[in-house]
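Same order as they appear, the protein sequences are chains L and E.
Here this note's numbering is used: the first residue of the first sequence is 1, the next is one more, and so on.
Here this note's numbering is used: the first residue of the second sequence is 1, the next is one more, and so on.
The hints are simulated quantities; they were obtained by calculation from the structure and are not laboratory data.
Quick caveat, the model's predicted, so the values are computed rather than measured.
Check before you lean on any hint, since a few could be wrong.
[What the hints assert, rightly or not] In silico DSBU-like cross-links for lysine-lysine, where the CA-CA straight-line distance does not exceed 35 Å:
no.: 1; chain 1: L; residue 1: Lys204; chain 2: L; residue 2: Lys2
no.: 2; chain 1: E; residue 1: Lys73; chain 2: L; residue 2: Lys216
no.: 3; chain 1: E; residue 1: Lys216; chain 2: L; residue 2: Lys2
no.: 4; chain 1: L; residue 1: Lys204; chain 2: E; residue 2: Lys73
no.: 5; chain 1: L; residue 1: Lys79; chain 2: L; residue 2: Lys113
no.: 6; chain 1: E; residue 1: Lys195; chain 2: L; residue 2: Lys187
no.: 7; chain 1: E; residue 1: Lys79; chain 2: E; residue 2: Lys20
no.: 8; chain 1: L; residue 1: Lys204; chain 2: L; residue 2: Lys137
no.: 9; chain 1: L; residue 1: Lys203; chain 2: E; residue 2: Lys173
no.: 10; chain 1: L; residue 1: Lys113; chain 2: L; residue 2: Lys91
no.: 11; chain 1: E; residue 1: Lys73; chain 2: L; residue 2: Lys3
no.: 12; chain 1: L; residue 1: Lys2; chain 2: E; residue 2: Lys73
no.: 13; chain 1: E; residue 1: Lys187; chain 2: L; residue 2: Lys3
no.: 14; chain 1: L; residue 1: Lys166; chain 2: L; residue 2: Lys97
no.: 15; chain 1: L; residue 1: Lys113; chain 2: E; residue 2: Lys216
no.: 16; chain 1: E; residue 1: Lys149; chain 2: L; residue 2: Lys2
no.: 17; chain 1: L; residue 1: Lys149; chain 2: E; residue 2: Lys91
no.: 18; chain 1: E; residue 1: Lys173; chain 2: L; residue 2: Lys195
no.: 19; chain 1: L; residue 1: Lys2; chain 2: E; residue 2: Lys173
no.: 20; chain 1: L; residue 1: Lys2; chain 2: L; residue 2: Lys97
no.: 21; chain 1: E; residue 1: Lys166; chain 2: L; residue 2: Lys113
[Said to hold, decoys possible] With the Cβ distance kept under 7 Å, some of the chain E side facing chain L (calculated, not the full set):
no.: 22; residue: Gly43
no.: 23; residue: Asn136
no.: 24; residue: Asn139
no.: 25; residue: Val152
no.: 26; residue: Leu154
no.: 27; residue: Gln184
no.: 28; residue: Val186
no.: 29; residue: Asp188
no.: 30; residue: Ser201
no.: 31; residue: Leu221
no.: 32; residue: Asp222
We put the CB at the ideal spot given by N, CA and C, even for glycine.
Protein chains: 2
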Amino acid sequence: MKKTADICLSPDLLHLFNLKDKIVVVTDVFRATSVMCTALNNGIVEIIPISNLSQLNEFNSSDYIIAAERDGKIVEGYKYGNSPLNYHENKSINGKKLVLTTTNGTRAINLSKKDANEVIIASFLNITAVSNYLYNKQNDVIILCSGWKGQVSLEDTLYAGFLLEKLINIGFKSESDSSFLSRQLVKDSKSNLIKFALQSSHKKRTENLGIDRDLKFCLQLDIYNNVPFLKQNSIVL
Amino acid sequence: MKKTADICLSPDLLHLFNLKDKIVVVTDVFRATSVMCTALNNGIVEIIPISNLSQLNEFNSSDYIIAAERDGKIVEGYKYGNSPLNYHENKSINGKKLVLTTTNGTRAINLSKKDANEVIIASFLNITAVSNYLYNKQNDVIILCSGWKGQVSLEDTLYAGFLLEKLINIGFKSESDSSFLSRQLVKDSKSNLIKFALQSSHKKRTENLGIDRDLKFCLQLDIYNNVPFLKQNSIVL
């Protein structure tokens with residue numbers, strides 16, 4: 001029997017899915033899961049995803065890099081936020097642990113870990129690695145789009161479409177209307193992925209924050225060849 | 001200031017929207033809102049939308065036509081279900097009241113009536129009438145897609161895209177990613193609306209029920225020129 005892959009367009013729809021025995025692929029293209037892939041590939045040894053800002057007080061800044069983002073911005077008082085460029089080729093992070101809280105991505109991760117067989121972290125930066133990883137597993141797959149405060153986001157839906165195309169090509173079945181919608185976006189974006197994805201409301205929302213370089217960084221394909229996964233309460237490689 | 005129009009892809013996302021002072025446009029293309037438009041244009045004087053089957057017992061079948069659908073089928077024991085062809089050119093329904101419960105559409109209506117300024121009923125069958133109606137109002141608009149048991153459906157998202165295109169053409173602003181997604185579908189379906197819409201999982205799900213004629217009926221444009229609306233607990237013209 002074929003393995004199945006489906007897409008959950010928002011964490012607020014996750015209750016509609018039975019996650020038992022499934023691998024949940026969490027994506028938050030702009031920017032949390034792109035940051036996670038980048039940080040772990042640049043020397044961070046472990047990421048602890050936190051949903052609430054108040055929990056950050058439990059961590060000592062001499063032991064951890066503490067990163068906090070809300071509404072696209074670094075939270076006041078913190079040095080690190082949700083920019084992959086904070087971590088990319090930054091030698092000072094080598095060997096350290098990262099505590100990270102973001103508007104959407106960390107919430108999606110913490111919601112899925114309750115019932116899923118496994119939770120993995122996906123972005124354009126490691127899309128082929130994710131597809132290969134799922135090929136070698138026996139489990140059905142739910143791609144969870146982190147969205148924006150519960151609302152569906154263009155970039156995550158688009159990413160899910162790209163990943164579903166890959167999964168269908170290696171034998172997965174994917175028949176829901178949400179899957180169809182996301183795969184239509186892949187066709188629509190064929191001529192220019194970056195231009196298409198930057199029509200996202202995330203870009204408009206963050207226009208004054210000067211994070212265009214971040215968004216373009218997040219739209220690179222396959223610069224990393226591994227798949228971060230959730231191990232107890234931490235994300236590791 | 002421009003009026004705004006947005007799309008809520010599923011009743012399970014409705015909590016994300018502030019409905020105060022807004023007109024909620026409920027659509028369930030396959031088939032509840034198409035049925036409502038058809039019934040009211042063929043002599044039904046009032047429709048009472050019911051969420052639960054158990055509430056049907058409150059209505060006497062000598063006073064009302066009682067129609068019940070679940071999972072695409074007429075509920076056992078009832079003569080009428082969720083087929084527009086039950087009502088189209090059926091003289092025996094003239095002047096009667098209809099009590100209707102369906103899998104998705106009646107739930108969406110009953111969810112929106114709590115907070116919205118007004119709830120109206122929309123389908124391809126009356127799309128231009130709906131657009132004209134909204135043009136003449138001062139309110140912002142939320143198009144609520146009924147979906148399938150909380151899941152996003154292709155046909156409702158596609159309908160919302162068509163309606164949003166019309167609303168944008170008459171001066172509304174619509175900037176969310178969900179709006180963008182739905183309007184992409186309009187482009188994708190340009191060459192053949194019926195063929196495109198029948199890729200819906202609703203078609204696959206109901207393939208053995210012989211309702212293909214229903215689905216094609218529901219994809220006709222502008223055969224009715226009026227807008228059903230919710231008045232207290234009933235839908236009327």
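Here's how the hints hold up against the structure:
1. L:Lys204 with L:Lys2: This hinted pair is violated, its Cα atoms lying about 40 Å apart.
2. E:Lys73 with L:Lys216: Status violated; Cα separation ~49 Å.
3. E:Lys216 with L:Lys2: Between Lys216 of chain E and Lys2 of chain L the Cα gap is close to 32 Å, so the pair holds against 35 Å.
4. L:Lys204 with E:Lys73: violated (45 Å)
5. L:Lys79 with L:Lys113: holds (28 Å)
6. E:Lys195 with L:Lys187: The hint holds at about 17 Å.
7. E:Lys79 with E:Lys20: Given that 35 Å is the threshold and the Cα spacing comes to 38 Å, the pair is violated.
8. L:Lys204 with L:Lys137: violated (38 Å)
9. L:Lys203 with E:Lys173: Holds, at about 17 Å.
10. L:Lys113 with L:Lys91: This hinted pair holds, its Cα atoms lying about 31 Å apart.
11. E:Lys73 with L:Lys3: Distance ~29 Å between Lys73 of chain E and Lys3 of chain L Cα, so the pair holds.
12. L:Lys2 with E:Lys73: Given that 35 Å is the threshold and the Cα spacing comes to 29 Å, the pair holds.
13. E:Lys187 with L:Lys3: Distance ~31 Å between Lys187 of chain E and Lys3 of chain L Cα, so the pair holds.
14. L:Lys166 with L:Lys97: The hint holds at about 32 Å.
15. L:Lys113 with E:Lys216: Roughly 43 Å separates the two Cα atoms, so the pair is violated.
16. E:Lys149 with L:Lys2: holds (24 Å)
17. L:Lys149 with E:Lys91: Violated, at roughly 50 Å.
18. E:Lys173 with L:Lys195: OK: Lys173 of chain E and Lys195 of chain L at ~21 Å, within 35 Å.
19. L:Lys2 with E:Lys173: Judged against 35 Å, a Cα distance of about 43 Å means the pair is violated.
20. L:Lys2 with L:Lys97: violated (39 Å)
21. E:Lys166 with L:Lys113: Given pair Lys166 of chain E, Lys113 of chain L is violated - Cα atoms ~42 Å apart, limit 35 Å.
22. Gly43: violated (34 Å)
23. Asn136: Result: violated, 28 Å to nearest chain L Cβ.
24. Asn139: Check failed: Cβ of Asn139 of chain E comes no nearer than 21 Å to chain L, outside 7 Å.
25. Val152: Hint on Val152 of chain E: holds, closest Cβ of chain L at ~5 Å, below 7 Å.
26. Leu154: Holds, about 4 Å.
27. Gln184: holds (5 Å)
28. Val186: Interface hint status for Val186 of chain E: violated (11 Å vs cutoff 7 Å).
29. Asp188: Holds: closest Cβ of chain L sits about 5 Å from Asp188 of chain E, inside 7 Å.
30. Ser201: It holds, given that the least Cβ distance between Ser201 of chain E and chain L is near 5 Å, below 7 Å.
31. Leu221: Where the cut-off is 7 Å and the nearest Cβ of chain L is about 21 Å from Leu221 of chain E, the hint is violated.
32. Asp222: violated (25 Å)
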